[in-house]
Amino acid sequence: MDMFKDKKTRNDIILGIAVIILAAGIWLVSELLKKDGEFAVVTVNGTETAKYSLSEDAEIRLESENGGYNILVIKNGKADIIEASCPDHVCVDQRAISKTGEAITCLPNKTVITIDGEEEAEIDFVS
Amino acid sequence: MKTKKVAMLGLTIALAMIMSYIEALVPLSFAVPGIKMGLANIVIIFVLYKIGTKEAILVSLIRVILVSLLFSNVMAMAYSIAGAVLSLSVMWLLKKTDKFSVIGVSIAGGIMHNVGQIIMAVILLGTEQIALYLPVLIITGTATGVVIGIVSGLVINRFKNIRL
Numbered sequence: 001m002d003m004f005k006d007k008k009t010r011n012d013i014i015l016g017i018a019v020i021i022l023a024a025g026i027w028l029v030s031e032l033l034k035k036d037g038e039f040a041v042v043t044v045n046g047t048e049t050a051k052y053s054l055s056e057d058a059e060i061r062l063e064s065e066n067g068g069y070n071i072l073v074i075k076n077g078k079a080d081i082i083e084a085s086c087p088d089h090v091c092v093d094q095r096a097i098s099k100t101g102e103a104i105t106c107l108p109n110k111t112v113i114t115i116d117g118e119e120e121a122e123i124d125f126v127s
Numbered sequence: 001m002k003t004k005k006v007a008m009l010g011l012t013i014a015l016a017m018i019m020s021y022i023e024a025l026v027p028l029s030f031a032v033p034g035i036k037m038g039l040a041n042i043v044i045i046f047v048l049y050k051i052g053t054k055e056a057i058l059v060s061l062i063r064v065i066l067v068s069l070l071f072s073n074v075m076a077m078a079y080s081i082a083g084a085v086l087s088l089s090v091m092w093l094l095k096k097t098d099k100f101s102v103i104g105v106s107i108a109g110g111i112m113h114n115v116g117q118i119i120m121a122v123i124l125l126g127t128e129q130i131a132l133y134l135p136v137l138i139i140t141g142t143a144t145g146v147v148i149g150i151v152s153g154l155v156i157n158r159f160k161n162i163r164l
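Taken in order, these protein sequences are the chains called V and Y.
Residue numbers are given in this note's numbering: position 10 of the first sequence equals residue 10, and the series is strictly consecutive.
Residue numbers are given in this note's numbering: position 122 of the second sequence equals residue 122, and the series is strictly consecutive.
Derived by calculation from the structure, the hints in this document are not laboratory data.
Values in this document were obtained by computation on a predicted structure and should not be read as measured data.
Quick reminder that beta carbons are idealized off the backbone N, C-alpha and C, glycines included.
Careful: at least some of the hints might be erroneous.
[As the list claims (entries may be wrong)] Computed from the model, here is a short list of chain V residues facing chain Y with C-beta under 8 angstroms:
#  : residue
1  : K8
2  : T9
3  : I20
4  : L22
5  : A23
6  : A24
7  : S30
8  : T43
9  : G46
10 : A103
Turn these sequences into a full structure, and let the hints steer you where they fit.
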């Protein structure tokens, strides 16, 4: 079995380049659609549980359904998770968010923080 | 022949689990949140190429179930299974076309593992915004896929003259 056959290697490279272009495309579109957000929206297990204005600094403890928690901090117009009960701490490692469409996700606690724009913009988005 | 296969599958499942364990010991999460090396995929690709598709499915699913039970929680199992199923399906398809080398197959596997988990997250959490994390995971999946593909290719080559 000759795995370094030229044609296959060429196809591998084409595949690699294609997916990188695809990733860049998705990223570009999402960057262009981003706007400064107004609210941090907390979603636990698929239901919206709370909404906090980004203009007021705050520190909130979010309880999840499995008994875990995430500490959400709102500071200088940005929302960030600084502490969590989950073992992997992926949510803590994620950067602070402030633009619409950005999200911080904690899979073990089924908690997602998203950013919302003005109410108006939201209606546009739905329609 | 049958005993040999049972022994072979037991061995590869154990190996895949050890790979997952090593991966848990060396988290890459600090660099890019949520990424993994996908070491276990070396074993899955090896089984796919050297033993068979059915066996690869078996090894992959048993590995996911055992690893989730041992090292993480049942919630994580849903994500892992979604990733494993999509990843293996696409790798099998690409291998079947015979147009890509092990590296191409591995790249697709790495990316699709991430895509499967994102799809599961969107379904379970009901937040489409998670999908915006895709570009990052596609790029890291490609990078780890190349490395895993090269290693898998080397391993498969060593077994060129050995029938399993």
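Take the shortest C-beta to C-beta distance between V/L22 and chain Y; is it under 8 angstroms? Cβ of V/L22 sits 7 angstroms from chain Y, so the hint holds.
Using 8 angstroms as the Cβ threshold, decide whether V/K8 counts as touching chain Y. Result: holds, 4 angstroms to nearest chain Y Cβ.
Cut-off 8 angstroms, beta-carbon criterion: hint that V/T43 touches chain Y: 6 angstroms, holds
How about V/A103: closest beta carbon in chain Y under 8 angstroms, or not?
-> This interface hint holds because 4 angstroms falls under the 8 angstroms limit.
Checklist entry - Minimum Cβ distance from V/A23 to chain Y below 8 angstroms? => result At 4 angstroms from the nearest chain Y Cβ, V/A23 passes the 8 angstroms test, so the hint holds.
| Regarding the hint that V/T9 lies at the interface with chain Y, is the smallest CB-CB distance below 8 angstroms? | OK, holds: V/T9 within 8 angstroms of chain Y, min 6 angstroms.
Item checked: chain Y contact restraint for V/A24 - C-beta distance below 8 angstroms -> Hint on V/A24: holds, closest Cβ of chain Y at ~7 angstroms, below 8 angstroms.
_A closest beta-carbon separation below 8 angstroms is what the hint needs, so does V/I20 meet it against chain Y?_
Status holds, d = 6 angstroms.
> Against chain Y, with CB atoms and a cut of 8 angstroms, does the hint on V/S30 hold up?
Replying inline: Because about 5 angstroms separates V/S30 from the closest Cβ in chain Y, which is inside the 8 angstroms limit, the hint holds.
Taking 8 angstroms as the limit, does the beta-carbon of V/G46 come near enough to a beta-carbon in chain Y? With a minimum Cβ separation of about 3 angstroms from chain Y (threshold 8 angstroms), the hint on V/G46 holds.
When held up to the earlier numbered hints, the structure conflicts with none and fits them all.
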